[in-house]
Amino acid sequence: VSTVDMFKCKACGMCVSACPAGARELTGSDMEERISEVYASL
Amino acid sequence: MTEFTPKLVCFSCKFGWGYLNSNGYEKQLKNLIPITCSGKVDTTHIIDAFKEGADGVLILGCPDRECHFQTGNYQARKRILLLRKVLKEFGIDPGRLKIALSIDPEGTQIPVVIDAMKKEIKSLGPLRPAV
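Chains Y and Z, in that order, are what the protein sequence lines are.
Every letter in the first sequence is one number past the one before it in the working numbering, and letter 37, counting from 1, is 37.
Every letter in the second sequence is one number past the one before it in the working numbering, and letter 74, counting from 1, is 74.
Just chain Y, with the same shape it has in the complex (with noise of 0.2 Å):
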């Protein structure tokens, strides 16, 4: 967990963590997917 997690959205208000918005974008799961891609062509 990233310390922008606990951060908040300035259009929703909410924790990155608890976004409705594109949650699994948001919580970073599609970030860890893309970095394993890229680190494994390397």
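FYI, nobody ran anything at the bench for these hints, they're computed from the structure.
Please note: incorrect hints may appear among the correct ones.
[What the hints assert, rightly or not] Some, not all, of what chain Z presents toward chain Y, calculated at C-beta under 10 Å:
#: 1; residue: 31
#: 2; residue: 34
#: 3; residue: 35
#: 4; residue: 45
#: 5; residue: 49
[Unchecked claim] Sample of chain Z residues lacking proximity to chain Y, with all beta carbon distances greater than 12 Å (derived):
#: 6; residue: 22
#: 7; residue: 23
#: 8; residue: 64
#: 9; residue: 81
#: 10; residue: 84
#: 11; residue: 87
#: 12; residue: 93
#: 13; residue: 98
#: 14; residue: 105
#: 15; residue: 109
#: 16; residue: 112
#: 17; residue: 113
#: 18; residue: 115
#: 19; residue: 120
#: 20; residue: 125
[As the list claims (entries may be wrong)] Quick list of simulated restraints, FRET-style, between CB atoms:
#: 21; chain 1: Z; residue 1: 70; chain 2: Y; residue 2: 42; range: 27 to 35 Å
#: 22; chain 1: Z; residue 1: 66; chain 2: Y; residue 2: 40; range: 28 to 36 Å
#: 23; chain 1: Y; residue 1: 41; chain 2: Z; residue 2: 44; range: 17 to 25 Å
#: 24; chain 1: Z; residue 1: 64; chain 2: Y; residue 2: 41; range: 30 to 38 Å
#: 25; chain 1: Y; residue 1: 33; chain 2: Z; residue 2: 85; range: 29 to 37 Å
#: 26; chain 1: Z; residue 1: 71; chain 2: Y; residue 2: 42; range: 25 to 33 Å
#: 27; chain 1: Z; residue 1: 71; chain 2: Y; residue 2: 40; range: 28 to 36 Å
#: 28; chain 1: Y; residue 1: 32; chain 2: Z; residue 2: 53; range: 15 to 23 Å
#: 29; chain 1: Y; residue 1: 32; chain 2: Z; residue 2: 3; range: 28 to 36 Å
Note that the coordinates shown come from a computational prediction; the quantities given were computed from them, not determined experimentally.
Beta carbons: idealized from backbone N, C-alpha and C, even for Gly.
The hints should help you fit chain Z onto chain Y, whose structure is shown.
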């Protein structure tokens, strides 16, 4: 002898860079990782990139006082500042890790910034010399 092509991993904040570009630019740029906020990039992500063979890491975040998540860009900047010092202690040139805090809705500057950093890394040479 083959010419050295730097492997650069770039983390790009979706709220500051390229959010108006719907052409899928992130797929066209090699090793670009779109992220929710620059503050989401952890030190382990950066260290892992170097471990996996990257010659440089670039983080693109929002400008001062314009972070969508209030202070994510400051958190990222602090983290990079400290990590650069750690990398230097381990004999890795701190120039291999950079953060750019700006805004580019169209994403047109992303390849320009990446190319500029690649040039700098090229002058530093590969992180691990080819055996």
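Hints, verified against the model:
1. 31: With a closest approach of 5 Å, the residue 31(Z) hint holds.
2. 34: Result: holds, 7 Å to nearest chain Y Cβ.
3. 35: holds (5 Å)
4. 45: holds (6 Å)
5. 49: Result: holds, 7 Å to nearest chain Y Cβ.
6. 22: Since the minimum Cβ distance to chain Y is about 16 Å, residue 22(Z) lies beyond 12 Å and the statement holds.
7. 23: Consistent with the label, residue 23(Z) stays out of reach of chain Y, its closest Cβ about 18 Å off (over 12 Å).
8. 64: Since the minimum Cβ distance to chain Y is about 15 Å, residue 64(Z) lies beyond 12 Å and the statement holds.
9. 81: holds (15 Å)
10. 84: Its Cβ never comes within 12 Å of chain Y, the nearest being 19 Å, so this holds.
11. 87: About 17 Å separates residue 87(Z) from the closest Cβ of chain Y, which puts it past 12 Å; holds.
12. 93: Given a closest Cβ separation of 18 Å, the condition holds.
13. 98: Correct as stated: the minimum Cβ-Cβ distance to chain Y is 17 Å, above 12 Å.
14. 105: The claim stands: residue 105(Z) keeps its Cβ more than 12 Å from every Cβ of chain Y (closest is about 16 Å).
15. 109: holds (21 Å)
16. 112: holds (20 Å)
17. 113: Holds: least Cβ distance 17 Å, greater than 12 Å.
18. 115: Answer for residue 115(Z): holds, closest chain Y Cβ roughly 18 Å.
19. 120: Fine: 19 Å to the nearest Cβ keeps residue 120(Z) off the interface.
20. 125: holds (17 Å)
21. 70(Z) <-> 42(Y): 27 to 35 Å: holds (33 Å)
22. 66(Z) <-> 40(Y): 28 to 36 Å: This hint holds: roughly 33 Å between Cβ atoms.
23. 41(Y) <-> 44(Z): 17 to 25 Å: holds (19 Å)
24. 64(Z) <-> 41(Y): 30 to 38 Å: holds (33 Å)
25. 33(Y) <-> 85(Z): 29 to 37 Å: holds (31 Å)
26. 71(Z) <-> 42(Y): 25 to 33 Å: holds (31 Å)
27. 71(Z) <-> 40(Y): 28 to 36 Å: With Cβ atoms ~32 Å apart, the hint holds.
28. 32(Y) <-> 53(Z): 15 to 23 Å: holds (19 Å)
29. 32(Y) <-> 3(Z): 28 to 36 Å: The hint (28 to 36 Å, Cβ to Cβ) holds, given that residue 32(Y) and residue 3(Z) are roughly 33 Å apart.
The structure meets every hint from the earlier list without exception.
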